[in-house]
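Protein chains in written order, with the numbering used here: chain S, 1 to 222; chain Y, 1 to 376.
Everything labelled a hint here was simulated from the structure, so no lab data went into it. There may be inaccurate statements among the hints.
What the hints assert, rightly or not - According to the in silico footprint, chain S covers these stretches of chain Y (three or more CB under 8 angstroms from chain S):
| hint | stretch |
| --- | --- |
| 1 | 69–80 |
| 2 | 95–106 |
| 3 | 182–194 |
Yeah, the Cβ is synthetic: ideal placement off N, Cα and C, and Gly gets one too.
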Amino acid sequence: MDWPALRLSLQLAAATALVLLPLGIVIARALAWRRFAGRRWVEAVLALPLVLPPTVLGFYLLVTFGAQSPLGRAFEALTGHTLAFSFAGLLLASLIVNLPFAIQPMQRAFEAIPADVRAAAACCGMSPWRIFTRIELPLAWPGVLSAMVLTFAHTLGEFGVVLMVGGSIPGETKTISSAIYDRVQAFDTTGAGIMAAVLLGASLVAIAIAYSTARPRDHAHG
Amino acid sequence: MADEAARGLAVRLEQDAPIPLAATLACAPGETLALVGPSGSGKSTILRCIAGLHRARAGRIACNGATWFDPAQGVDRTPQQRSTGLVFQSYALFPHLSALDNVAAAMSHLPARERADRARELLARVHLTGLEGRRPDALSGGQQQRVAVARALARDPQVLLLDEPFSAVDRVTRQKLYRELAELRRSLALPIVLVTHDLDEAAMLADRMCMLHRGRTLQTGTPFDVMTRPADALVARLVDLRNVFEAHVAAVGTGRGLLWNGIGLEADVAATFATGERVQFAVPVSGVVLHRHDRPSRGERENPVDGTVAECTELGEDTTVALAVPGTGAPLWLRIPSHVARRNDVRTGTRQRVSLLASAIHVMRWLEPERDAAGG
């Protein structure tokens, strides 16, 4: 068992889910209720990571993060180390890859809140922030939780993009998926099997949580 | 008008799109005004404008001396700043909160410790004691409507707005809720605006009604006045007066005032009309009386008219009869008890004599047919 790799994967998954929680809510809410020009395009771009091969996405991110790119240069000037092959780069890539996993369940959840219920809250004199915390968030919570769990589980298992952007530097960018690959390459089937079983268990737990939170929501609006 | 606007609700709304609006209405404290019109007549939009959920292009909304909306002056208060209580057609209760919390959610103007007691009081007022802890999905349609009413009152609003609040409940529940609302409105000293497409509902619950068509207020008055003395043929059709005919004024004042396809009719014609003027008149079906074969009437002001029964439909205890009167295009409708129809042998094809009661004839200014042509 490669404990540093598992710890790194957990850190990456937790950080990705935490950053995408507020970001996803803001974007999902806007996509659910606001009508603006180009909304469909924004939705399409946000869904792109779902269909793009991870190596292709990883390649473009690597180019974007590289020392030759404006972003890479700016990051290096600010922090003194490169964005590519670093944990920060890995996190940024992970955020981009997970946008659809975070936003889509949240967007569906916000869309399911009837417009009249939000209007009623305003007519009750509740401030926009209070409407958000007392009405919208509790009603959309199953979708938000489901998005977080999916994001976490997906990050834990991400391989292609992580390898392209982060390489597989032990303790820095080597995640558990990369570790499994390394073990298989080294004919260590037992080691790979243990780690694969850990990921399988984590995925099953995630799916169970996502499904059990989805059900009461369907009931509430059904 | 200025005094009325200062003390109650005064609304004027104008816009061309997306829904055309040209509406003016006023509602005094303690008064219930029904906004009545067919689907798409803009009644719910007007209600949403008052609540601040929809913004008209132009107009003015003022309540108790405060201007809520006046784009010319740059005034447009948010729903939070308007103090309205709105009961939605769907009730729009918060599904994750109990009845008590639904009501308490509208009490941000009260200290937190007072909210639960006040919410309990309001729920008791709408006869929901004992159900405070239930969520909306564990309440019946009628109970949900009561929670919605209690929540609308929770804010101590300056106006109560009801958007077809009885459309989603069964008939028995509806009758019960009518009685409860009638009782409630007696104890409330605020303007109540009720949106409905049901004329009977408006007649039962409202002090005045405002007839709407395509966003335009056509006529405002007591329900009895609007329904029996419509301003024109369009209002007559909207209040389901089927007997609307074209005639000419024979004489102004009382007497044989109308000439209807060669038939002189006893009717009171207001002095605002001129002799010879082309007009329309309406007679409610209750104003058309069947003559008994064995006892013909010779009443002076009874306007006897002969015709052939073109259609005769028994609907429960009543029978609706369409009488084709020679020389008049549309049939004359009347409703008689079914046993009277049988006793007088009222069948399709038989000849009958009826009276148009002079007191029931209402003369209206002529309305161009194209404006009246729209479906309802």
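Verification of the supplied hints:
1. 69–80: Contact hint for the stretch 69–80 of chain Y vs chain S: holds, 3 residues under 8 angstroms.
2. 95–106: holds (count 4)
3. 182–194: violated (count 0)
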